[in-house]
Amino acid sequence: MTQNFIKTEDGVEIFYKDWGSGQPIVFHHGWPLSSDDWDAQMLYFLSTGYRVIAHDRRGHGRSTQVSDGHDIAHYAADVAALAKQLDLRDAIHIGHSTGGGEALAYVARHGAGRVAKLVMVGAVPPIMLKTEPYSGGLPMEVFDGLRAQLAANRAQFFLDLPSGPFYGFNRPDAKVSTVAIQNWWRQGMMGSAKAHYEGIKAFSETDFTEDLKKVEVPTLVMHGDDDQIVPIDSSARLAVKLLKNGTLKVYEGYSHGMLTTHADVINPDLLAFIEA
427 MTQNFIKTED
437 GVEIFYKDWG
447 SGQPIVFHHG
457 WPLSSDDWDA
467 QMLYFLSTGY
477 RVIAHDRRGH
487 GRSTQVSDGH
497 DIAHYAADVA
507 ALAKQLDLRD
517 AIHIGHSTGG
527 GEALAYVARH
537 GAGRVAKLVM
547 VGAVPPIMLK
557 TEPYSGGLPM
567 EVFDGLRAQL
577 AANRAQFFLD
587 LPSGPFYGFN
597 RPDAKVSTVA
607 IQNWWRQGMM
617 GSAKAHYEGI
627 KAFSETDFTE
637 DLKKVEVPTL
647 VMHGDDDQIV
657 PIDSSARLAV
667 KLLKNGTLKV
677 YEGYSHGMLT
687 THADVINPDL
697 LAFIEA
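So for the sequence shown, the numbering used here puts the first residue at 427; every next one is plus one.
All the given hints hold, so there is nothing to weed out.
Restricting the straight-line Cα-Cα distance to at most 27 Å, the calculated cross-link-like pairs of lysine-lysine (BS3-like) are:
#, residue 1, residue 2
1, K510, K433
2, K543, K675
3, K640, K675
4, K667, K556
5, K556, K640
6, K556, K627
7, K433, K620
8, K639, K556
9, K627, K433
Calculated directly from the structure, the hints in this document are not laboratory data.
Modelling step: build the complete structure from the supplied sequences, incorporating the hints.
As structure tokens, this is what we get:
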């Protein structure tokens, strides 16, 4: 292991940040971003006495732009390798969007004896794709469209998404943050186009039903009711029903990117759940 990287069993180098001391909080970023998307949360929780850890998913950010393994099983196993290397115990795992699915899969499949609590923010479980069990999901054409836009002009696609629905900047009363858009674009373009392309399948087609049923630790599900990326009715409202110890907190009018646009509200709510 080199400083700030761990190496997985299949040879992927995963970049991570590890600041402070105390009870660890592990942050799992969304697609197609990096650990930098957690700046507002990491600084906040560092200042309140926690050890804060965030990694760049394989193919994202500063981690290896590997050709293979862009699926939830590998994502969760990579987190398990990180937790083992850093000997993380009594940890709180917080995941956003795709990272919510990753965090859930890690806790359900690898986290026994290491996890205290779980938080999923604007997260994709139980499944985004419309299926027979989940008829309220989105049709495959939606995700095919994302793939087509990414393949045609990733730079433009990664400008359009945060400029519009991701942060709700397409709403009439929105306060548009140009720097938030630029920072989203910067993070996205750091990663691998292949990882991002294949990651669409990972976040849209993975069925997390059994993972949700397995988790026993206290779990907070946070979601904005104006989330245009992961609609609340086909995600959070269904996911919380499958959890043994889950609580749903809905934010009226908040977008998918509420961790950035409303960090002043979300951070204290996260702290209250962690310290309860």
